[in-house]
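A.B. asks: Note that the protein sequences, when read in sequence, are chains A and B.
Numbering follows this note's numbering, with no gaps: position 83 of the first sequence is 83.
Numbering follows this note's numbering, with no gaps: position 10 of the second sequence is 10.
Possibly wrong hints are sitting among the right ones.
To be verified - In silico DSS-like cross-links for lysine-lysine, where the CA-CA straight-line distance does not exceed 27 Å:
#	chain 1	residue 1	chain 2	residue 2
1	B	K29	A	K78
2	A	K2	A	K74
3	B	K131	A	K42
4	B	K124	A	K42
5	A	K78	B	K117
6	B	K29	B	K43
7	A	K42	B	K29
Just so you know, the hints here were simulated from the structure itself, not pulled from any lab data.
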Amino acid sequence: MKINVIKELLEGRVLCGEDHLDRDVYSACGSDMMSDVLAYVKDQAVLLTGLVNSQVIRTAEMMDMVCIVFVRSKQPTKEMIELADECGMVMLTTDLRMYEACGRLFTNGLTGYGESHE
Amino acid sequence: MNDERLGFHFDVDGTNFTSAGQASVEVKKNLRQIGISPEIIRKVSIAMYEGEINMVIHAGGGTADVYVSENCVEIVLRDEGPGIANVDLAMQEGFSTAPDNIRSLGFGAGMGLPNMKRYTDEMKIETQLGKGTCITMRVFF
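Model the full assembly from the supplied sequences, consistent with the hints where possible.
C.D. replies: Following this line, the structure appears as structure tokens:
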């Protein structure tokens, strides 16, 4: 799924990374707990979260993710947007809640496959 | 000590949660520049990032050293924090002594040390109450 389609489905606003909206992504995950993202996520390119601090971007960077979506209209700081931009990530914000946002992406074909379940 | 190892040293600032993880970001860049495989880089940087976060939350910072040798990447994290009272307990997923404000920042779920073990091939914890902790991790090529 193109990141641009994610933006459309979630009625999102682009905060940075406008140039990368045509990138393809194949899976996503949603969590407010970065420890869980670090523990269980594998090969997901998109992180949906309601948590707003710089560690969200660092966590995404560690996991080689390319897109962060803030749910519930969360607005990151200017510093966070700059940090994500430096990392070449797309950052979106949506008014949708986590459940609704994940549901829309999942039902349109962006699954959560790739998570490690050992 | 093998003098032929390539090493990187970082001081981890224990007073600023916002900057926690900067050393791991640097290590990731450095390892990429010297041509280490993405899978190894991912393991090293996640393990080190968790360690860095732990040092900031629990120990008021410390130092991180990363060595690249012929067969592995070694990460050595040292702090002069309170030490770990019960290592077996600390290694259990879900056990945490982190304060509530850390949980609201997305960490403190008791996954730090288990994650560090999960992503590395070897992990050794040396800790002394009131003196500090030294964690050595290795990821083999």
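A.B. asks: Does each hint fit the structure? Answer for all of them.
C.D. replies: We went through each hint and held it up to the structure:
| no. | hint | verdict |
| --- | --- | --- |
| 1 | K29(B) x K78(A) | holds, 23 Å |
| 2 | K2(A) x K74(A) | holds, 22 Å |
| 3 | K131(B) x K42(A) | violated, 36 Å |
| 4 | K124(B) x K42(A) | holds, 25 Å |
| 5 | K78(A) x K117(B) | violated, 35 Å |
| 6 | K29(B) x K43(B) | holds, 14 Å |
| 7 | K42(A) x K29(B) | holds, 20 Å |
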